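A.B. asks: Chains as they are written, first to last, in my numbering: chain A, 1 to 84; chain B, 1 to 84; chain C, 1 to 145; chain D, 1 to 145.
In short, the hints are calculated from the structure, not lab data.
Predicted model, so just to flag it, every value in this text is computed and none were measured.
Every residue, glycine too, gets a C-beta built ideally from N, C-alpha and C.
It is possible that part of the hints are untrue.
As the list claims (entries may be wrong) - Label-pair distances were calculated between CB atoms; the ranges are:
hint, chain 1, residue 1, chain 2, residue 2, range
1, C, His36, A, Gln52, 49 to 55 Å
2, A, Ser34, D, Gly39, 34 to 40 Å
3, C, Arg20, A, Thr46, 34 to 40 Å
4, B, Glu22, C, Pro126, 31 to 37 Å
5, C, Gly125, D, Thr5, 38 to 44 Å
6, D, Tyr3, A, Thr46, 32 to 38 Å
7, D, Glu115, A, Thr70, 25 to 31 Å
8, A, Asp45, D, Ser44, 37 to 43 Å
9, D, Asp10, B, Thr61, 39 to 45 Å
10, C, Arg20, B, Glu39, 28 to 34 Å
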Amino acid sequence: MPAMKVRLLFFAVLRDIAGADERELTLADGTTASEVWQELRASYDTLADYTQPPMIAINETYATPDAVLTEGDELAFIPPVAGG
Amino acid sequence: MPAMKVRLLFFAVLRDIAGADERELTLADGTTASEVWQELRASYDTLADYTQPPMIAINETYATPDAVLTEGDELAFIPPVAGG
Amino acid sequence: MSYLTDAPIDAQALVRRVIRRSDGAYVLFEGVVRNHHDGKAVESIFYDAYRPMAEKEMEKIVREVEAQFPDTAVAVVHRLGQLVVGDSSIAIAAASPHRAEAFAACRTIIDRVKETVPIWKKERGPDGEEWLGWQGRSGRGGVDG
Amino acid sequence: MSYLTDAPIDAQALVRRVIRRSDGAYVLFEGVVRNHHDGKAVESIFYDAYRPMAEKEMEKIVREVEAQFPDTAVAVVHRLGQLVVGDSSIAIAAASPHRAEAFAACRTIIDRVKETVPIWKKERGPDGEEWLGWQGRSGRGGVDG
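Make a model of the complete structure from these sequences and hints.
C.D. replies: In structure tokens form, the structure reads like this:
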């Protein structure tokens, strides 16, 4: 199973939870954004209750949870926005 | 027939037509604002077509055409307002 | 709070007069002399008013709008005299804890000022000058802006 | 025109960037840090953003609103970082020949910014601090102001 590298960015509450601005992930080809969220839930207790991912952005554009990642993608989970 | 004095103020287009800021009128008791308008129409050709008076103010408050004037009143005909 | 002025309007000063530490938003409206109206070029506008009555009518609108939107503070200033293109003729500031009320209060005030406050304008352009709303006296009374 | 800034917002400068000689009105909205939220005291708010994406989303909103209101010019600036009560977090200016479009464009932009632009706020008060919209993740996402 070939692997790919993806940059995962953390913002706002997720940065606090992860304790980092970003992580580099090595993922199996065909991995979806939603699957990355499930890995995060397994890593951080405080995310255990969040069975559904928040909004998802791939390469600075909103994407759906079933979006398949590709080599070099920049992935971000977008907590509920509160601008203004 | 006793008489009363009323100040008639002119604004905007009516000031231009009357060529004055105000006039002192001597009116018969019981004269209405509407009757003053009809006198103005008789005095100024350019008002001949305006059979109905514009809005009316007596003592800085909007009033109806049939309002009866009293001694010392300040009367003004209010052309269509265009503030803002 | 409302008043008439013969001087240029300082809109940010108006905002400072209404905003409180509990407000999460303000909306500021300014009406500006524009270079056209009904397809004709405009160079300047002369604003005339029945001053004491205009002040009373503006203050009445302010009181009624603040009663309609209880958490909202509003202020209005209307400039009179000769204004040129780009000059502000009116500024309205509405501050509120919530944006919906700030927008609604500000919009209500400008709509009502145009309906009832005894202020008039004479537009001047290359084709001459005209008191708005008088000729034909229909459909010209409430001028946009 | 839209951008992010880490400096205090100059709202009148924003207005000057949008207004044209053909405009009869502008509406300016500013969101301000207020001293309360959901019944709790607020002292400051830290604004975080996914900066390049937030810039793209803001510019997308500006383009779409200018397409929706063809005569209307709009500009948005959002401030990031640590803000205290009374500081403006966002300013939106909309200028148009007619006031209805200026109000509608300004309102549409603030509503849409709150829906889609990846900006977040952490409120700080005497009771501690909290990222808005996360706890329970329902009904807290679009905060007023």
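A.B. asks: Hints first: check each against the structure and report whether it holds.
C.D. replies: Here's how the hints hold up against the structure:
1. C:His36 <-> A:Gln52: 49 to 55 Å: 53 Å, holds
2. A:Ser34 <-> D:Gly39: 34 to 40 Å: 36 Å, holds
3. C:Arg20 <-> A:Thr46: 34 to 40 Å: 37 Å, holds
4. B:Glu22 <-> C:Pro126: 31 to 37 Å: 33 Å, holds
5. C:Gly125 <-> D:Thr5: 38 to 44 Å: With Cβ atoms ~40 Å apart, the hint holds.
6. D:Tyr3 <-> A:Thr46: 32 to 38 Å: For Tyr3 of chain D and Thr46 of chain A the Cβ distance comes to about 34 Å; the hint holds.
7. D:Glu115 <-> A:Thr70: 25 to 31 Å: 28 Å, holds
8. A:Asp45 <-> D:Ser44: 37 to 43 Å: 29 Å, violated
9. D:Asp10 <-> B:Thr61: 39 to 45 Å: 43 Å, holds
10. C:Arg20 <-> B:Glu39: 28 to 34 Å: For Glu39 of chain B against Arg20 of chain C, whose Cβ atoms are near 52 Å apart, the range 28 to 34 Å is violated.
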